[in-house]
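Participant: Each protein sequence line maps, in turn, to chains A and B.
Position 125, counted from 1, in the first sequence is what the numbering used here calls 125; the numbers after and before it change by one each time, with no gaps.
Just so we're on the same page, the numbering used here is the position in the second sequence counted from 1, plus 1000.
Hints in this document: simulated from the structure, not taken from any laboratory.
Bear in mind the structure is a predicted one, so any value in this text is a computation, not a measurement.
Using N, Cα and C, we set each Cβ at its ideal position, and we do this for glycine too.
Any given hint could be a false lead.
Said to hold, decoys possible - Going by beta-carbon spacing under 7 Å, a handful of chain B positions derived as facing chain A:
id: 1; residue: 1012
id: 2; residue: 1013
id: 3; residue: 1015
id: 4; residue: 1016
id: 5; residue: 1020
id: 6; residue: 1021
id: 7; residue: 1024
id: 8; residue: 1026
id: 9; residue: 1027
id: 10; residue: 1028
id: 11; residue: 1031
id: 12; residue: 1035
id: 13; residue: 1036
Unchecked claim - If you anchor each label on the Cβ, the simulated ranges turn out as follows:
id: 14; chain 1: A; residue 1: 470; chain 2: B; residue 2: 1014; range: 42 to 48 Å
id: 15; chain 1: B; residue 1: 1019; chain 2: A; residue 2: 304; range: 41 to 47 Å
id: 16; chain 1: B; residue 1: 1041; chain 2: A; residue 2: 429; range: 56 to 62 Å
id: 17; chain 1: A; residue 1: 364; chain 2: B; residue 2: 1041; range: 46 to 52 Å
id: 18; chain 1: A; residue 1: 233; chain 2: B; residue 2: 1030; range: 42 to 48 Å
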Amino acid sequence: MANHAATHDDHYAHDDHDHKPTGFLNRWLFTTNHKDIGTLYLVFAFIMVCIGASFSVVIRAELMRPGLQFVQPYFFNQMTTLHALVMIFGAIMPAFVGLANWMIPMQVGAPDMALPRMNNWSFWILPFAFTLLLSTLFMPGGAPAGGWTMYPPLALQGGASVACLVFSVHMMGISSIMGAINIIATILNMRAPGVDLLKMPLFVWSWLITAFLLIAVMPVLAGAVTMLLTDKYFGTSFFNAAGGGDPVMFQHIFWFFGHPEVYIMILPAFGIVSEIIPTFSRKPLFGYQAMVYAIASIAFLSFIVWAHHMFTVGLPLGGELFFMYSTMLIAIPTGVKVFNWVSTMWKGSLTFETPMLWAIGFVILFSIGGFSGIMLALVPADFQYQDTYFVVAHFHYVLVTGAIFSIIGAIYYWWPKWTGKMYNESWGKFHFWWTMVFVNLTFFPQHFLGLAGMPRRIPDYNVAFADWNFISSIGAFGMFLTPLMMFLILYSSKKSGAPAAARAWEGAHGLEWEVPSPAPYHTFSEPPVIGPGMLAHGDVSH
Amino acid sequence: MQNHSVHFDPLARRAAARRTALIMACVALTIFVLFFVEALRH
């Protein structure tokens, strides 16, 4: 196949003498190897995707027709709450951290993450956090049902699940902060000689900025949920109006975390797409430095837009105007990125292997999510859209066709490097087109439902909304098959895929493609000597 | 231009990484405390 080019010198790896730990527990429970921990994160994220998707099937089955079909309203609310928490904190974030673990050390020429034992701890907190969270389904009173935003006083009306929710969010937060610290320490201190900051791959840049966002806002979430905990169990009145507190203050604190959190889930996706598109366009990324500055600008702006989630709570007019304009400013650096991706493809020698399809799908569909975001940023319009299915459509275009598309694209892109095997290209493309059809069938009609006034987070609705809900549910059932499809494609690749070259893709550049495929257990034990053309961005003069 | 921020000595590099991690952990803890104290003042 034209897209596979055999390379390469293997002297940056100690191929067969890889000293893997023996025994299952030693290998996986006590591992400090960045590749093993990356794999653990990705497997964990996959399990969480399956659980979160099963919750969404309950939601869509219930909403397939008007009236109550399968579940009681209170259980429906538990499903919407858990679906969001599991997908955000259990699937998308760990998947990106898994990709960071696998790729950042290899892309900067480091032997491992800077703090490998803390890396192990970061991961192994997560299964306990989610076991605790999901165990609430079996408690008297059930799981948290007040929405993932945990607004008081509603969220505090749950039973014992409130304490479990708060404790599990604390654990997720600690895990994320430790992961972020590790990524910053690795990128700032472990780069090989010659890998200057402005020669790093975009995926590394996007993660460096994301890690700073995580460190800045996860403590804020921890603070907010701790205040919820003390309000419920220790008699404080942070958010209790009767005791002199203010429930709207929770919304401010939550969204000061929550909006940067949205960018935490999309900036690494920008990095991934900026890796894939140049490879399959066989051209360097257009406007590399502009891309870096655009990511940094988006990260900065994410701190001054939080109240656009709260336009209808009764903000002063000046506040609403400020948050409207600051939100619309984000369209500028985001537009820079979208135009740069398109310019990278312009006059390139394009081929459309599976990772490229996911990347192009990302650019188009994420832009739709961006456009509906601009609509939501307009204060007068937002009074109509607030709490409708339009918002649900918007953030699913950003998070599913944005974040998750990029994660799937990244897995197909780096899979040959991880396993040394190619996947079946036809099945990969089938996976993409199947998803493309059903994801739009699921979420595009939700724009219409929202504009027509259907509220979100309800198990029943007016018969006027029946048709589009039916179509949306059919789409969701089709989507539900895609994790299984991906699993089968990757499993058969691992078992019987064609061997992959060191540089699995003809147009790929960067240090990760200088080591053999599969990447040996230990890479870059000695810092690599960077030769001409080895870096994806910029060359090194010796 | 060569990258001058990288410590080529593995031990120095490890020490620098620990220092970075410690600073970041302090930043995170400070933000947590500040938000809590500020909310108390309200």
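Participant: Each hint: holds or not?
Facilitator: Hint-by-hint comparison with the structure:
no. : hint                       : in the structure
1   : 1012                       : violated, 9 Å
2   : 1013                       : holds, 6 Å
3   : 1015                       : violated, 9 Å
4   : 1016                       : holds, 5 Å
5   : 1020                       : holds, 4 Å
6   : 1021                       : holds, 5 Å
7   : 1024                       : holds, 4 Å
8   : 1026                       : violated, 10 Å
9   : 1027                       : holds, 6 Å
10  : 1028                       : holds, 5 Å
11  : 1031                       : holds, 4 Å
12  : 1035                       : holds, 4 Å
13  : 1036                       : holds, 5 Å
14  : A:470 - B:1014: 42 to 48 Å : violated, 59 Å
15  : B:1019 - A:304: 41 to 47 Å : violated, 30 Å
16  : B:1041 - A:429: 56 to 62 Å : holds, 58 Å
17  : A:364 - B:1041: 46 to 52 Å : holds, 47 Å
18  : A:233 - B:1030: 42 to 48 Å : violated, 26 Å
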